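Participant: Residues per chain are reported as follows:
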Amino acid sequence: MSKTKDTFSLQFDTTWQYDAAPESASHIRLQKGYDLFIDNKFVPPADGKYFNTVNPSTGKKIAEIARASQADVDLAVQSARKALGPWQALSGASRGKYLFRIARLIQEREREFSVIESMDGGKPIRESKTIDVPLASAHFFYYAGWADKLEYAFPGRNPKPVGVAAQIIPWNFPLLMAAWKIAPALATGNTVVLKPAETTPLTALKLAEIIRDAGLPAGVVNILTGAGDTGAMMVEHPDIDKIAFTGSTEVGKLIQKRLAGTHKKLTLELGGKGANIILEDAAIDQAVEGIINGIYFNQGHVCCAGSRLLVQESVADLVIRKLKDRMETLIVGDPLDKNTDIGAINSAAQLKSIKKYLKKGLAEGTELYQSSCELPSGSGYWCRPSLFTNVAQSNTIVQEEIFGPVLTLQTFRTLEEALEKANNTFYGLSAGVWTDKGSKIFKMTSGLKAGIVWANTYNRFDPTSPFGGYKESGIGREGGLHGLASYIKFEDR
Amino acid sequence: MKSKNETSTGEVTKETSVKGRIAVSKTFKLYIGGQFPRTESGRYLPVQLIDGTTINTCHASGKDYRNAVVAARSAVNGWSSRSAYNRSQILYRMAEMLEGRKMQLATDLIQSGLSSNQANLELDDTIDRIVYYAGWCDKYTQVFSTVNPVATPHFNFSVPEPMGVVGIVYPSDVGLLSLVSHLMPVLAGANTAVLLLPPEATTWAINFAEVLETSDLPAGVVNVLTGLRSELIAHFASHLDVNAVIGVAGTPSEVRELQSTGAAHILRVVIRSGQLHPPDPYQIMDTQEVKTTWHPVGK
Amino acid sequence: MNITRSLSPVIDQVGVEERIARLQTRSIKTASKVFALKLALSMIDLTTLSGDDTPGKVRQLCAKARHLHNRLPGLPQVAAVCVYAPFVGIAKQQLAGSDIKVASVATAFPSGQSTLQVKLDETRFAVGEGADEVDMVISRGEFLRGNYHYVFDEIQSIKEACGTAHLKVILETGELSTLDNIRLASDIAMHAGADFIKTSTGKIQPAATLPVTLVMLEAIRDFYYATGRKIGMKPAGGISNAKLALQYLVVLRETLGEQWLTKDYFRFGASSLANDLLMQIVKQETGVYQSMDYFSKD
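Protein chains in written order, with the numbering used here: chain C, 1 to 493; chain H, 494 to 792; chain W, 793 to 1090.
Since the hints were derived computationally from the structure, they do not count as laboratory data.
Here are the in silico distance ranges between beta carbons for each label pair: (1) C/Tyr152 <-> W/Ser798: 43 to 53 Å; (2) H/Arg575 <-> C/Lys82: 47 to 57 Å; (3) W/Ser798 <-> H/Pro711: 41 to 51 Å; (4) C/Glu280 <-> W/Asn862: 54 to 64 Å; (5) C/Phe442 <-> W/Leu936: 23 to 33 Å.
For the chain H half of the interface with chain W, some residues (derived, Cβ under 10 Å), not all of them: (6) Thr645; (7) Pro646; (8) His647; (9) Pro789; (10) Val790; (11) Gly791.
Since we're looking at a predicted model, the values are computed, not measured. Backbone N, C-alpha and C define an ideal beta-carbon position, used for all residues, glycine too.
Please put together the full structure from these sequences, using the hints given.
Facilitator: In C-alpha cells:
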C-alpha cells in the first residue's frame, strides 16, 4: 500500500446533491415601508427621513424604514413615561397575561417571523425556525409567569420597577434579543423604548404589530428604528431610568461612560472570544459537532461563539482531520433554503471586517483552511467556514472578536495550560469544555472565568438560563431569575 | 516589618505614668499584603486627635495602590478556593479578635470624636456585623443560586462567583461600623479588597488592620490605605486589574470619575450612600458574577 | 490483539441524538429525491427470515427481486436477497444470470447461542451452497460479560470459514444497551475481519436506529482513517418507508461521503421498504400519489 494515512480522504462533493429546498415566502405580510411605533401607533418620523433595509443574500432592498430623530425619541420616551404609572398600577397577574398573549401570538405567526428574520438578517431558516422564533416566544412565556411572583424572586425585599427602559439590540438575533429585553422589563413593571439594529429592523416592527394586536396599553412598548445616533439619543435622554444594551464592547464602553454620574441603571451584553476546550478523553465526534455548532452557528455572528478552539495536543491531529471533513459538509447558501447551514453575512460592512481579519491572520503567519463548498453567485455577502491553525495566543485573530465563521485552533498539554489560555483575555462571556470525566468537567467549569460555561455541549439557550459576561463582556445577567434583577430596584436601598 | 508586641500593646493616647514615664507613641503605616509598610512616597498627612496630639498618617500614593492591588490579586485564588466553611471561621475569628481588642479600639474611636458610650455601641455593632456576615459565607450561594429547568435535555445551574479584587473608597466621615458593613459582604463573597480610608480614620483603621492581621486572614485579602480620595479615586477607576469598586458617599464628581474612567474596562461600579445600611445578604451579590453551567442529561 | 474497552473512544449519547436531529432536517426534493430513492432501492437486501419460510416463498421473493416493477423501466435492481442457509441453493438458482447477490444468515441466527463448531459448520454449508454473503451474529452474552476476546476470535474464525464470501457482522445493537458498547462491538468486528457491520437481526427491538447507525458509521470512518480499509454498513429492521431510508442516506452522505454511497458499502436490510421506495419513485415520475394496490407484494 503506497497511500499514507492522510491520503485516505473522504469526498463530500458527492454525485448525489441536495436540490434547492426553499421555504416559501408567499405567506408573509410585509409593507413597502415602516414607520416608528410610538404609543401603539405607527407614526412617520418627525423629519421624514427613511433608510433601506437590505436582504444580505441578494443585496436588494426589502423595505424603507423610518429613521428616528431627537423629536421622535422625545415622543417615545414621553409615551413610555406616561404609560409607566398605569402599567405599574396593574396587578402582576394582569401584566403577565399581556405577556402570555404576546407569546402565543408569536407562536401563531412563527413561520412568518422565521422567514422575515432570515430575509432581513441572512440567517439560515433552519435556525430562525427552530431557535430564534420559538425561543423569543418562550422568553415571553417564561417572564409572563414571573409578573405576579416577584416577591419570591427577591425574598425579604420589596422589588420595584426601575422606570422607563431604553433598550438597544444588535443584528445577530433581532427578534430574540427584542424578546430578551422586553419580556423581563414588562414583567417587572417597566415601560420600554426599544431600538432594533439598523440592518435588521423588520421582526421588531412585526413584533410591534403583535404588541398592538395584544392590546397592550399604549406607550408600554415603543419601538424606534434608526442607526447608532438614534441609540445615542436614547442613552442620553434625561427621562430614561435604565439602559439595556447588547452589542459591541466598544459601544458598551461609550454608553457606560456617557451614563457616568447619572441615575440610570445599566446592563451590558457585549463581545466575547469564547474558548472551546477539547480534552483528550472527550467523545471526539460529538466534540467536533460542538466545535461546528460553537463557531458556525448563525455565521459566527454570536457574541458567545466558541471562536477559540483549544485542543489537547495528543488528539489535535485527529480533531483537525475530523473538523476539516465536517466543514466540507457545511452548506453555505440561500438563508431561506431548508438545507442551508451557513447563511449570508449580515452586511457588506461585516463581510469587509471579517475579510480584514482573514487577511490579517495570514499576514501573521498562520495557516488558513476554508471549506471548498460552492458559494452562491450574485450580489449577496458570503464567507466560507474558515479555520486557522498554527496560531498563537499573541495573534490578532486569537485576541479580537471577529464575529464571523472564523475559528482559531491552539493546542495545549495540561488542564492548567488550557485554563490559563482560555482565561487569558479581557472578555469573559462564554466557554466550552469537552471531556468524559466528571471531575475534570468541574475543575474546568469552575476555573473558567466566564458567565456561561457549556460542558459537552455548546451554544444552548433557554429563557430560564441566565446569560451574561465577566470582565469586558458586560455587566448584569439576562434570562432566568437573575435576569429579573436587571429591571428592578429595592426602594429601601 | 511588624512587631506583634508593639501592636498588641499599642497606645495612642498620651499617657504619663505616676513615675513620670514617657509613653511610647505609635507610628501608623499602611496595611498591604499582610505587612505594615510605610507609604513608598514618603509623604505624610498630619491629623490632630481629640486630645490635641498630632499623628502623622501615611499619605498613600498611586504606587501604594498598585502594590495593594498586586497583593489583593495574588490572594484571590487562595481565598476563593478555600472552603466556605473555612472562610466563615476566619471571618468569625475577626470578631473574636476584635472583641479582645475592644478597649484599644474604643480609645481610638473616642480619640476620633465619639463619646465613650458611642464608641462602645459602635464596637458592639461592628463585632455583631462581622459575625452576621461570617455566617453568610457558606449560605449565600444557596440563597442566590438556581437550578434552571431548561427545555432541552440539559442540566443547568447558576451560581455566584466572586468578582475578584474589589476596591472600596470610603468618605471622610467613615466610622468603624461603616467600614465593616461595606467590607464584610465583599469578604464573605470570597473577594479580596483594597480599602481607601481618610487620614482622619487612621488610628482606628490601622489598629483594625492589626485585628485583621491576627485573625488568620491570609495576607493580601484585605489591604488598607490611608490617603486622599480626591487623589486616588482616578487610580481606583482606571486600574485594569481591579474588578469592582464600591464608592461610598462619593461626591457627584467622584462618582462620575469612577464610572467614566472605569468604563474603559467595564469596571463594576457600586455606588452606595454614606447612610448605614442594615445587614443585607443582597450586598454580597453586588460583588458577585453569576456563572451558568450546562451539561447534557442522557436518557 | 489485546482487546479492552480502550480500543474505542467514548460516545456521548445526547450529542449523537442532536446530530441526528439536525441531519433529519435535511430536505430532499425533486431530482435529488429520485436519485436517492433509486440509490436506496439498489442498496436493499430483500429479506425473508421466518420460521415459516418455504421454497415457494423464497422463489417469489427472488422473482420480486428480478422484477421490481415492470411498468417502470430503468429501475435499479436490489443488491441481494437474504435468506436462511437451507434456502441459499434455491435462491442461487432463481437469481442465476443476474447481479443480485445471495446472502445467508448463519451462526445460530438470531440468538447466536450455539457452539463455535456448529456456527462454523453452518457457515461452511451456506458458502458451499453458493452464498455470496454471510450475515453472522456476534455472541452478545460473551460481549456483555466482557469476554471481548471470545467475540473477536469467533468473528475471525467465521471470516476464515467464509472464504471469498463477504462477511456481515450483526451486532444486535438492541441488546448492547449503550452507544459505547455499540462502538466497541463495531471496532472489534472490523478488526476481526468484517466486511460489513450490521445493526440488527430484525428480531429484537429496537432494531436499526439513526443514532446507532451514526455511531457505527463513525467507527467505520475512524477505521478508514487508520487503515485505509473501507468497511460497509447495513442497518436492518424497522426501515420500512422511503422517508426514513432517505434520512439514512443523508447520515451516510454527511458522515462518509461519496465512496460509501454505493451498494458495495451500504445496504438496507428490509422487506417492505422496496415497495414504498417504488411507490415514491413512481409518484415523483408521474406526479400522482400512489396506492399499494398497484405494487406487487412479495
